[in-house]
Amino acid sequence: MAEYGALEQCLREGFIDYTIEADQRYVPKILTNNQEKKRKVLDTILSQLYVCDSFLFSVAFLTKSGIACLKDALIENRQAVGKILASQYLNFTEPDALRELLKFPNVELRMVTEERAFHAKGYLFHRAQAGPENYTMVIGSSNMTANALTHNQEWNVFFTSAENGALIRQTQEEFQALWDAAEVVDEAWIDAYQAIYKRQNSRKQGLYLPFHKIQPNAMQKAALAGIQGLRDRGEDRGLLISATGTGKTYLSAFDVMKLRPRRFLFVVHRELIVKSARDSYVKVGVNPADTGLLTGHAKDVDKPYLFATIQTLARDEILHSFAPDAFDYIVMDEVHHGGAATYQKVLDYFTPQFLLGMTATPERSDDFDIYALFHHQIAYEIRLHDALAENMLVPFHYHGVCEITVNGEVLDDNSDFSALTCEERVRHILYYADLYGSDTDRVKGLVFCRSVDEARTLAAAFRAHGRRALALTGASSEGERQAAIDHLEADADQDRDYLDYIFTCDIFNEGVDIPQVNQVIMLRPTTSAIVFVQQLGRGLRKYPYKRYLEVLDFIGNYENNFLLPIALFGDRTYDKDFVRTLMQTNFLPGPTSVHFDDIAKERIYAAIDKKRSLADLDDLKNAYRDMACRLGRQPMMMDFVRFGDKDPMLFIAKKDSFYAFSQYMEPSPSTLNDAHRAVLKMMSLELANGKRIEEILILRHLLAEPSWSTADLAAETERLYGFLPSTETMNHAARLLTLQFFVKTAQQKYGGMPLISFEQHTYATTPYFEALKENAEFTAYVDDILDYGTYRFETLYVQDHPEIVGGFVRYGRYSRKDVSRILNYETNREGTLNGYQIVGDTCPIFVTYEKADDISANTMYEDQFISPQEFSWMTRSRVRLSSPQIPAIQDRHRRKLLFVKKSDAEGSNFYYIGDLKVLGDPVETTIANDAGVQLPIVNFRFIIDKPVEEKLYAYLCE
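Going left to right, the sequence shown walks through residues 1 to 958 as this note's numbering numbers them.
No lab work stands behind these hints: they were computed from the structure.
Among the hints, erroneous ones may be present.
[Said to hold, decoys possible] Restraint-style ranges between C-beta atoms, simulated for each label pair:
no.	residue 1	residue 2	range
1	Y664	A464	54 to 60 Å
2	E794	E8	24 to 30 Å
3	I214	A483	45 to 51 Å
[Stated by the list, open to error] Below 20 Å or equal to it, Euclidean Cα-Cα: the simulated EDC-like pairs (lysine to aspartate or glutamate) are:
no.	residue 1	residue 2
4	K601	D43
5	K901	D945
6	K681	E774
7	K29	D945
8	K546	D616
9	K546	E559
10	K275	D619
11	K681	D597
12	K103	D186
13	K654	D577
14	K681	E718
15	K542	D279
16	K654	D616
17	K38	D486
18	K542	D577
19	K38	D616
20	K646	D674
21	K345	E317
22	K221	E108
23	K601	D783
24	K621	D639
25	K901	E950
26	K655	D619
27	K83	E154
28	K654	E602
29	K610	E850
30	K275	D302
31	K749	E826
32	K37	E154
33	K901	D486
No residue lacks a Cβ here, since even glycine has one placed at the ideal position from N, Cα and C.
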């Protein structure tokens, strides 16, 4: 039974003693959905489904949204043989969900139809090559519905078993008995069941038909408070920034209903949405008789609540028929067009008591300052990921699918038109469009193409394959666009001209409302994260009985593929390593999911690797200008934290300090001298990253008072963060602020003068720093650096990774310089910390998991994870068991720390994995050099103090 020792250890930890150290992959655990901790029951089920050889699922209810969450895994692991047992209990299971499962020939499907309630939920997986622990099971409360797997408060137990375990055997026997008594599901069975389901569902829907008044949601309430706050401060205009589909129009209607203006004007960019805007106001409570339209086809100018298109309103005879103060309240929708002559004309003419501008994208590239137009008064901001978290949008399932190869070439940014429209590509697109489908049996799709000609040609190709498709272009009239939208949203049995797809090239990025869209197809390279989110947003608007959106993105060898994870996950760091990690962790709130197939994923990784920096200088210059426009003043780093889409560290990386970047962007007379600039450079490069908090706390207090003690520092750190810094750390913080930690060249770069003195456990400012502090501009920038460093420590390290181990946040990312600092080395050793080094009572070990092809053979060490808690590591070559470093590494009193990065393409930062203990005795072996000569080397096996988090482990080992 020795082979079951590891499993027995896991069971002991799970059921007898939680302090036992066991392989966490097999320890029994509770699975819950927890948005704050970024946990979903679905994650565990998917991780098992991707690798299993067979599975048995028993659930009371099946919904199409639940199948959508599992579909990518079912597609990728088609060799797995599965049986799914569901129930007709309460006729809740959806017929369309059953039809989806019939698409998979490797999955058998049966239904329990007996009258007694069937409410069992269990997911059993078998993996033949997993060793003794070859069965895993999830059993508890989660049905196969999207909410149960991702959002609801659910309790499920996950455990591992050997094949002869009694619990697994009992489960299999119970499942088999139910399976044998259940009915086989085929198309004929589903047809018969669907009639029952429709009858019952129509009765259920009737129960929910009574009218209920539309009320603002939580984020809309906060936005309304923001708008009122502007008015309370005496402002007469404000800007609302809100993601597409988040209910901007309803929000403005709530505010208008609150104020009850005598006369009100709502201005839109296109006639397509003016009627829907009026309908929204009526639903909120505006009397329909008080509303009127002012368009090319209607002139209800006497109505107190007027909904107008900008084109009609701006005509001289129309505009001047109103007095400048005719309207008490004006709402301007899609106000990022505010720089256009028509908008300027209208805005310059009217003098309302309050003007509200609304847009999803104030960041425009036409050099017009939308923020200034609204006096830099931002009422509120709702971005896409906030809206998803607050359930303001429908969830989406994004599928990154590889583009095809045409004539031996993968489609790229410069592909010929013939390749983009060839029959092979059309069949490829249709295959995936049909495979993923939509939330109903009727697809209502938008397809975004890279050119007008491509849109027209592909629409024709879709029609040739029996799809009802139409292309719209910038030349299409308002009437043509509205007719196409009506045909797309119409019921197929009520409109002989109904459409399945509308193809377009960018015209539907904004200013159009098609809430019934349930499939979006991207057939163009992503060149802008903003445009990507706009196009994605076309399908995210909620609609009755709409459950989710399917998104298909066909990924070729595009230069800007790296923008996809940035856009999808709302990343602001533009850090290559972090963006790679996002590809693996891919957490989004609720039932929303993101999946890239293996080839598409490799293409994105290749695009990341090719870019020297994901945010080039032009990107940062534009971001800086946008922020300056938004604020109406010179921005600081914390402004980007609050409002920006770029991490301030990007500006520091370009110019060594944010002050220097500001001077680069806005050269102006400055009161700072070379000494000020040198100190700001030091603080920016060494403290702003937030890797250690002690220096920041010291400087924060020394800005306000001349001295501060280590006892004060210890008390403050414990009060704020719950840990006590060591004496060595508090002493070492002084070495950094006196510049003693740095090599001579760095000391000179940083001004060569200590900022503090440190004697008898007391930090005090030096006369040099006291003189620098007299400059208000300097202290403003210092405050900004310290605020930003604190923010990074508290959010990126403490909040996201709350476990601090001897100064390091587990899974935080650290350079060799950071490690030298946090381990309190007298001087920066980054130049010599290659591989590993024994320094005092520490031995940091740095591992690049994927070795570069061009390194010498005798450094191609076989360092690898044996499991999430066990690591095999090789010393340098030419080391024997008799070498003095071997007992030094074995010394259990010497701290050994493991830092790992996936490849050199990730830059200089390594993940802190944990502290290590030597497992067993080291083994001397050999490694060949470039000449084939065998050199001695020693292999250690370590136990990591805590198993590596599942998704990071998968990313590193992938």
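For each hint, the structure was consulted:
Separation of Y664 from A464 is about 55 Å and conforms to the stated range, judged on CB atoms against 54 to 60 Å. Distance hint check for E794 and E8: the Cβ-Cβ separation is about 41 Å, which falls outside the suggested range of 24 to 30 Å. Look at I214 against A483: about 29 Å separates their beta carbons, and that is not inside 45 to 51 Å. Distance hint between K601 and D43 is fulfilled; the C-alpha atoms sit about 19 Å from each other, no more than 20 Å.
Taken as a hint, the K901 and D945 pair is honoured in the structure, with Cα atoms around 18 Å apart against an allowance of 20 Å. Restraint check for K681 and E774: satisfied, since their Cα atoms lie roughly 18 Å apart, inside the 20 Å limit. For the given pair, K29 sits about 19 Å from D945 by alpha-carbon distance, which is consistent with the 20 Å threshold. With a CA separation close to 40 Å, the supplied pair K546 and D616 exceeds the 20 Å bound.
Among the hinted pairs, K546 with E559 is inconsistent with the structure: their alpha-carbon atoms are about 35 Å apart, more than 20 Å. The suggested pairing of K275 with D619 is violated, with an alpha-carbon distance near 38 Å, which exceeds 20 Å. About 43 Å separates the Cα atoms of K681 and D597, which puts this hinted pair outside 20 Å; it is violated. Our distance criterion of 20 Å between C-alpha atoms is met by K103 and D186, whose separation comes to about 11 Å.
For a cut-off of 20 Å, the pair hint linking K654 to D577 stands: about 17 Å separates their Cα positions. Between K681 and E718, the direct Cα distance comes to roughly 29 Å. Violation of the 20 Å bound is thereby established for this hinted pair. This hinted pair checks out: K542 and D279 have alpha carbons roughly 16 Å apart, not beyond 20 Å. About 9 Å separates the Cα atoms of K654 and D616, which keeps this hinted pair within 20 Å; it holds.
Restraint check: the Cα-Cα separation between K38 and D486 comes to about 39 Å, which exceeds 20 Å; the hinted pair is violated. For the suggested pair K542 and D577, the alpha carbons sit about 35 Å apart, so the restraint of at most 20 Å is broken. Of the supplied pair hints, the one linking K38 and D616 is violated, its CA atoms being roughly 31 Å apart against a limit of 20 Å. For the hint linking K646 to D674, the alpha-carbon distance of about 28 Å lies beyond 20 Å, and the restraint is violated.
A hinted pair counts as satisfied when its Cα atoms are at most 20 Å apart, and K345 with E317 qualifies at roughly 13 Å. Our distance criterion of 20 Å between C-alpha atoms is broken by K221 and E108, whose separation comes to about 48 Å. Of the supplied pair hints, the one linking K601 and D783 is violated, its CA atoms being roughly 41 Å apart against a limit of 20 Å. For a cut-off of 20 Å, the pair hint linking K621 to D639 stands: about 15 Å separates their Cα positions.
For a cut-off of 20 Å, the pair hint linking K901 to E950 stands: about 16 Å separates their Cα positions. For the given pair, K655 sits about 14 Å from D619 by alpha-carbon distance, which is consistent with the 20 Å threshold. Pair hint K83 plus E154 does not hold up; C-alpha atoms about 23 Å apart against a cutoff of 20 Å. With a CA separation close to 28 Å, the supplied pair K654 and E602 exceeds the 20 Å bound.
Simply put, K610 and E850 have alpha-carbon atoms about 17 Å apart, close enough for the 20 Å limit, and the pair holds. The suggested pairing of K275 with D302 holds, with an alpha-carbon distance near 17 Å, which does not exceed 20 Å. Restraint check for K749 and E826: the C-alpha separation of about 19 Å stays at or below 20 Å, so the hint holds. A threshold of 20 Å between alpha carbons decides the hint, and for K37 with E154 the separation of about 15 Å falls inside it, so the pair holds.
At roughly 52 Å between alpha-carbon atoms, K901 and D486 are farther apart than 20 Å, so this suggested pair is violated.
Comparing the model with each earlier hint shows violations of hints 2, 3, 8, 9, 10, 11, 14, 17, 18, 19, 20, 22, 23, 27, 28, 33; every other hint is respected.
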